[in-house]
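A.B. asks: Sequence:
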Amino acid sequence: MKIGEIAKAAGVSTSRIRFYEREGIIPAAERGANGYRNYPADLIALLRFIEQAQHLGFTLREISEVETGVGEHIVSCTDALAMLAKKRDTITALIAEAQDRKRRIEALMAELEANRPAPRAAG
Numbered sequence: 001m002k003i004g005e006i007a008k009a010a011g012v013s014t015s016r017i018r019f020y021e022r023e024g025i026i027p028a029a030e031r032g033a034n035g036y037r038n039y040p041a042d043l044i045a046l047l048r049f050i051e052q053a054q055h056l057g058f059t060l061r062e063i064s065e066v067e068t069g070v071g072e073h074i075v076s077c078t079d080a081l082a083m084l085a086k087k088r089d090t091i092t093a094l095i096a097e098a099q100d101r102k103r104r105i106e107a108l109m110a111e112l113e114a115n116r117p118a119p120r121a122a123g
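Here the sequence shown stands for residues 1 to 123, where the numbers follow the UniProt record's numbering.
Source of the hints: derived by calculation from the structure; they are not laboratory data. It cannot be assumed that every hint is accurate.
Said to hold, decoys possible - Straight-line alpha carbon distances no greater than 20 Å define the calculated EDC-like cross-link-like pairs of lysine to aspartate or glutamate that follow:
1) Lys8 - Asp42
2) Lys86 - Glu113
3) Lys86 - Glu65
4) Lys87 - Glu113
5) Lys86 - Glu111
6) Lys87 - Glu65
7) Lys2 - Glu65
8) Lys87 - Glu62
9) Lys87 - Glu67
10) Lys86 - Glu67
11) Lys102 - Glu113
12) Lys8 - Glu72
13) Lys102 - Glu72
14) Lys87 - Asp42
15) Lys86 - Glu72
16) Lys8 - Glu51
17) Lys86 - Glu51
18) Lys87 - Glu97
19) Lys8 - Glu21
Construct all of the structure, not just a fragment, from the sequences and the given hints.
C.D. replies: Set out below in structure tokens:
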């Protein structure tokens, strides 16, 4: 498949495919005699997986470390569940940190409000 065909089928831009290829996230495409990239149809599932994982907050490094196969489900359920659980735990910790930071900010704001001098009367 040509890059435009694979991009349309996977729902990604051609520049994104070239970027993934350059970064080693996807295998380099074979080139035809005319110099055009020729991608295998099974790359569509990998591109969709990469896009979905990125939308869930996974970095390209995390994604590239996943062992992928071929077919409709390119990542085993066991691996996918482990990956998702780890990301969920990371997000849970980030939320707790953010909530703690928010409480400290609100406490400091309340303290500053309580200690703010009263405005002076004009006159």
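A.B. asks: Give a verdict on every hint.
C.D. replies: Here is how each hint holds up against the structure:
1. Lys8 - Asp42: Given that 20 Å is the threshold and the Cα spacing comes to 14 Å, the pair holds.
2. Lys86 - Glu113: violated (41 Å)
3. Lys86 - Glu65: Holds: Lys86 and Glu65 sit about 14 Å apart, inside 20 Å.
4. Lys87 - Glu113: violated (39 Å)
5. Lys86 - Glu111: With Cα atoms ~38 Å apart, Lys86 and Glu111 exceed 20 Å; violated.
6. Lys87 - Glu65: holds (14 Å)
7. Lys2 - Glu65: Not OK: Lys2 and Glu65 at ~26 Å, beyond 20 Å, violated.
8. Lys87 - Glu62: holds (10 Å)
9. Lys87 - Glu67: Judged against 20 Å, a Cα distance of about 17 Å means the pair holds.
10. Lys86 - Glu67: holds (16 Å)
11. Lys102 - Glu113: The given pair, whose Cα atoms are some 16 Å apart, holds under the 20 Å limit.
12. Lys8 - Glu72: holds (17 Å)
13. Lys102 - Glu72: violated (43 Å)
14. Lys87 - Asp42: violated (26 Å)
15. Lys86 - Glu72: With a Cα-Cα distance of about 23 Å, the restraint between Lys86 and Glu72 is violated, given a limit of 20 Å.
16. Lys8 - Glu51: holds (13 Å)
17. Lys86 - Glu51: holds (18 Å)
18. Lys87 - Glu97: Holds, at roughly 15 Å.
19. Lys8 - Glu21: Within the cut-off at roughly 17 Å; holds.
The structure fails hints 2, 4, 5, 7, 13, 14 and 15 (numbered hints given earlier, in ascending order).
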